[in-house]
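**Student:** All chains should be built: construct the whole structure from the sequences, respecting the hints.
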Amino acid sequence: MRFWINGVEKEIDVLPGEMLSDLLRTRLGITGTKIGCGEAECGACTVLIDDAPILSCVYPAERAAGRKIITIEGLAQEGSLHPLQEAFVQYGALQCGFCMPGQIMTAAALLKKNPNPGEMEIRAALKDTLCRCAGYPTIIQAVQAAARTIRTGDPIPPLALEESEGTNAVGHIQPRPDSLEKVTGTAPFADDLQFPGMLVGRVLRAGVPHAILKRLDIQAAVDSAGVVAVLVAEDIPGERNHGLVIKDWPILVGVGEKVRYVGDAMALIAAETLEDAERALSLIEMEFDPLPVVVDPVSANEASAEKVHDSGNLLKHIEVRKGDVDIGFEGADISIEGVFNTPPNDHVFLEPECSIAVPSTDGRMEIYVGSQIPYADREQVARSLGLPDEHVRVIGTPIGGGFGGKEDIAGQIHAALLAKTCDRPVKILFNRQESLLVHPKRHATQIRIRIGARQDGTLTAVETELFGDTGAYASLGEKVMTRATTHSTGPYDIPHVRADCFAMYTNNPPAGAFRGFGVTQSCFAVESLMDELAHTLEIDPIELRRMNALRVGHVTNTGQLLVESVGLLECIDRVEDELHRISPESNPFEVKIVSGQPNRRRAWGIAAAFKNTGLGGGAPDKASAEVELYPDGTAQVRTSSADMGQGLMTVLQLIAAEELTLPPDKVRVLLSDTGLTPDGGPTTASRQTYVTGNAVRYASATILQAVRSTLAERFDVPPATIKFIEGLAHIDGKQIELAESIEIMKAAGQEPKALYEYWAPETQPLGTGGDMHFAYSFAVQAAEVEVDLDTGEVQVLRVIAANDVGRVINPLGLRGQIEGGVMMGLGNALIEEFIVEGGYVFTDRMARYRIPSIVQAPEIIPIVVEHPTSEGPYGAKGVGEVSSIPTTPAITNAINNACGIRIRSLPVDQDWLALELAKVGGANRE
Amino acid sequence: MALWKKYLQPSTVEDALVELGVEPDRSAVVAGGTDLLLDLQQGRHSAVNTLVDVTQIPEMTVIQIQDDFLHIGAAVPLAEIIQDVRVQTHAQGLTEACGLIGGTQIRNVATLGGNVGHALPAGDGTIALISMRAEAQVASAEGRRWVPVRTLFEGPGRPSFDRSREILVTFRVPLSGEGEGSAFKRVMRPQGVAIAILNMGIWVRRGSSGKVEEIQIAVGPAGPRPLRALKAEAVLRGQPFDSGSIHRAVQQLLQEVKLRTSPHRSTKAYREHILPTLFHRTITEAWERAARK
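Top to bottom, those sequences are chains X and L. Add 24 to a position in the first sequence, counting from 1, and you land on the number used in the numbering used here. Add 1259 to a position in the second sequence, counting from 1, and you land on the number used in the numbering used here.
Mixed in with the good hints there might be a few duds.
Below, computed lysine to any residue pairings styled on SDA-like, alpha-carbon distance capped at 25 Å [as the list claims (entries may be wrong)]:
{"#": "1", "chain 1": "X", "residue 1": "K34", "chain 2": "L", "residue 2": "T1314"}
{"#": "2", "chain 1": "X", "residue 1": "K151", "chain 2": "L", "residue 2": "D1298"}
{"#": "3", "chain 1": "X", "residue 1": "K340", "chain 2": "X", "residue 2": "E326"}
{"#": "4", "chain 1": "X", "residue 1": "K943", "chain 2": "L", "residue 2": "R1507"}
{"#": "5", "chain 1": "X", "residue 1": "K137", "chain 2": "L", "residue 2": "V1321"}
{"#": "6", "chain 1": "X", "residue 1": "K136", "chain 2": "L", "residue 2": "D1298"}
{"#": "7", "chain 1": "L", "residue 1": "K1264", "chain 2": "X", "residue 2": "H559"}
{"#": "8", "chain 1": "X", "residue 1": "K136", "chain 2": "L", "residue 2": "G1358"}
{"#": "9", "chain 1": "X", "residue 1": "K151", "chain 2": "L", "residue 2": "L1297"}
From the derived model, a few chain X residues whose C-beta atoms are all more than 12 Å from chain L [to be verified]:
{"#": "10", "residue": "P84"}
{"#": "11", "residue": "R87"}
{"#": "12", "residue": "E97"}
{"#": "13", "residue": "D313"}
{"#": "14", "residue": "E614"}
{"#": "15", "residue": "E856"}
To be clear, the hints were calculated from the coordinates, so they are not data collected in a lab. Because the structure is a prediction, the values reported are computed rather than measured. Heads up, the beta-carbon is just placed ideally off N, CA and C, and yes, glycines get one too.
**Tutor:** Laid out in structure tokens, this is it:
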């Protein structure tokens, strides 16, 4: 077959059954084109065929014969970026970057046909090109900016975004350091890597939810063509279980042992090709003794329930006590109660899990993986191999989205076991189905909540009871449900609190970390009931929240005295101001009939949230970072912390630049390599900006201080008289280049680098009444929805999102986190439902588990509130989670305001909603 | 394990039929492939040795007006159909339906032939075609024949023509005249597979004095096959276009359709509930369009 690829004519024999994406990626090594789903759902694999965008994962390669294919690698012309690439970089329209090739190619095709597209046309064109980081509004802006440049030839207009004053780097617009490689398709995600002699690894999954493995026959697989190794539980040289907190998750289930969910691993295969591996997989025979299936956390807690683990089904009973709720409810004029249910959700990071294990001749092992916690991977891999930690090196690849879903072990250990056995590199790439089946989800919950208040709206007591489904294994279940519980009474000052949570094992897929970390669920419950309280007491919902809002001087439900950085009131005020600006005449929470559409109703809804920054609860929270200066005037920051798209790389770059007085472009950031970077701790709990940010800040200050001391000695001046400006040392009217300073240091026997281990302020365990967390972020969101009273369809039109982030470090990244957070909250409210029936996963494909698309993106109005926290870098605290948390209740409260129906179960089911509306006669219809 | 062994791209229908005839039970016709290839990949379609790609056959990839009919080749990509002014003029409901299928990338390859051949009771293109009294030209080794599209179905996923020996070549719909108009609408849900909860295509001709002179209604999923609601049409035919007639037509339509619950997608009750709304909205649109012509 002859065809043109990026302008170059090629001739190649097509293989039977070959899709264009396979031909491009596997055989031509053109890996800019990404595979996110392999089922024509996500758009990441988009390439142009004769200028028309198509999905290369369902496009037979033969069909490309005689045609011109353009991939992301072919878009830049004569070394200069396409205006789309430029605009995406400058506007920060990329976060993890995995979807970028698809976004940009689809947009490029649009602009070729339509050089002046309106917003609706852009949305229509990008409808099925999904971005899970979901900076959809920014993507639209970037496409429009590029279109303008294409029409006029003018440069991309700078982004109108507020920047900090009085700083050199922090708070200024800075594109991600890896932007260029991500918009040109050269960023090496794990599946893009090739190693000589690399084998394909595959994992046999149990396929049954609860059973004892009676028999496992691998002989036919061993004998199958192309198979190099087949491993079972007995072949594991080291520890047989893994787990981030409790090591209860079998690496492989052995004969006589227990299967606890459908995704349990039973056998591993390494083979020459994927086809060989798949064939062998199908030849393994398994026989089970089935056990009763534990399907939900409430029944799991009953005495008669089958035990998932020998220790029972209760992972943890979590208790929060403050005051005496009986007194609180006695003092209440009114008390209301509600029960709320939330389903499990999947992260659907667009890059499926991929691990490559590369053995070295001296018995060591390298793991290439996009992971949120490289050092935890290292420890778990080492233990399973029976090696010391130092013999394993985890090398982070770019992470195509994480959201909490890349904290646990996926294929790392399995790839390492196979690589060790075969003494060859082994790659384990999950397909989307396996990804959906295997990795931990957001906890499904049932939350009962009761609020007591006085007639004037003052809260007197809140009582909550939560059941959390942590699935088959603990993962981070205890921590997630602890956060759900401590946040279950909302960001309010309440004298009497009683909260009980039962984190339960079941035979569902495990649940663990997912952006929001349990607070997404409990915020939905408490903010829904707060709105009901406002309705019942006929108090404005903003006013009710304002009068009860946590402020400095208040004590949280865990007994923590808040001494600073509580920006909740300002968030409330700013959202209220914005609502007034938008609708100055009318009450935004009152229903409006859409003109010309008598069946449609609009209204706003509001919700508030808070979320801890950092691990808290007494866990040591520290991060190490190293900063080194180079003779070329640059600096490098090194830490193992992960950038999964949230923008940590830029945050650390800006902090180091600020401290070193360098332009940000002179600072390089190396992350996630246990061989080269010190431990930054887990990328979780919205902690990295604060904790590793501080480590980088102090490491930078330390090295600059060392330079200062050296120069002071060398030039015999008091250190304080030396000023640094853009890396230049100003000494007594002389200017010393950084390169020279480094020479002087080296001559004095000093290395121009500093390692700093930062320990965040100590926290106290739940129940001790001390400071459970060292900082909290706050957020208030208002959402405007439109409800179709006849069909129950709901559309979110606008979202106002105010976030107290302490201090803005990275404005582009912050905007991405707010937009993406809102979209994820919208998905949680209206779209996403991971369905498990009797332990079997129904939503095992993206076609069945949908995530928000650009056509569902509302107008998002971000408001940044800065109440600095004194220990945080420049006052900063976390934002990655809180930006997503209040969206869901803001939307469901708006639905209630628009049509009078209270949503108690997620996601909103338009079927149910329409039938409920019908029962009340089409609600509020004149 | 490869999804196919041979991939053929014949340039005539006759050649394609010959290739299919070699090993009919292990061959399949592929156009856009956006359904078929996934069905093969996910095991919903039995394995094949040969895929016969019909997208290089000129007569299957043109849109033309001939003998008072608008002809749309069965392998024309939906993106071309949407942009075609002749389709917009004569079959606006079809333009709408094609515009709602998939996203940009899917529409650049997916075809009406595939939509009809897939035989889903609620294929958007299929429902729109049926509402326009479209006919399909079916080619087999024995020759070619024109058949109404609505007769092409046996059950869900099962067409009445033999996909392993026959090929859908082209569709034709009567040209639209004065006082005629069409519309297509559907209700989706944001969760789960992107297939309509309920969809509807309506074509009308306005008579003098505001009466419904002629009407065609297609709806899905309203039974094992895409449904042409002949009885509801009869209720409206010759009647004034007013709320009374529409109400009577809706009552008839509710009798005529066989709605059911699809797990994780829709309850029967919801489909019953939205049917009148969908009917009202679709017929109003078609009626207003008819007035403009």
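**Student:** Determine for every hint whether it applies to the structure shown.
**Tutor:** Here is what the structure says about each hint:
Of the supplied pair hints, the one linking K34 (chain X) and T1314 (chain L) holds, its CA atoms being roughly 22 Å apart against a limit of 25 Å. Our distance criterion of 25 Å between C-alpha atoms is met by K151 (chain X) and D1298 (chain L), whose separation comes to about 23 Å. Our distance criterion of 25 Å between C-alpha atoms is met by K340 (chain X) and E326 (chain X), whose separation comes to about 15 Å. Between the alpha carbons of K943 (chain X) and R1507 (chain L) the distance comes to roughly 23 Å, so the proposed pair stays at or under 25 Å and holds.
The straight-line distance between the Cα atoms of K137 (chain X) and V1321 (chain L) is roughly 21 Å, inside the 25 Å bound, and the hint therefore holds. Pair hint K136 (chain X) plus D1298 (chain L) does not hold up; C-alpha atoms about 33 Å apart against a cutoff of 25 Å. Between K1264 (chain L) and H559 (chain X), the direct Cα distance comes to roughly 66 Å. Violation of the 25 Å bound is thereby established for this hinted pair. Restraint check for K136 (chain X) and G1358 (chain L): the C-alpha separation of about 20 Å stays at or below 25 Å, so the hint holds.
At most 25 Å may separate the alpha-carbon atoms for a hinted pair to count; K151 (chain X) and L1297 (chain L) meet this at roughly 20 Å. Against chain L, the non-interface label of P84 (chain X) is violated: not every CB pair exceeds 12 Å, the least being about 6 Å. In this structure R87 (chain X) is not separated from chain L by more than 12 Å, as the shortest Cβ-Cβ distance comes to only about 7 Å. Remark: the non-interface label on E97 (chain X) is consistent with the geometry, its nearest Cβ contact in chain L lying 18 Å away (cut-off 12 Å).
No beta-carbon of chain L comes within 12 Å of the beta-carbon of D313 (chain X); the shortest separation is about 27 Å. A cut-off of 12 Å between C-beta atoms confirms that E614 (chain X) is not in contact with chain L; the least separation is 25 Å. The Cβ of E856 (chain X) sits about 8 Å from the closest Cβ of chain L, inside the 12 Å cut-off, so the non-interface label is violated.
Consistency note: the structure conflicts with the earlier hints numbered 6, 7, 10, 11, 15.
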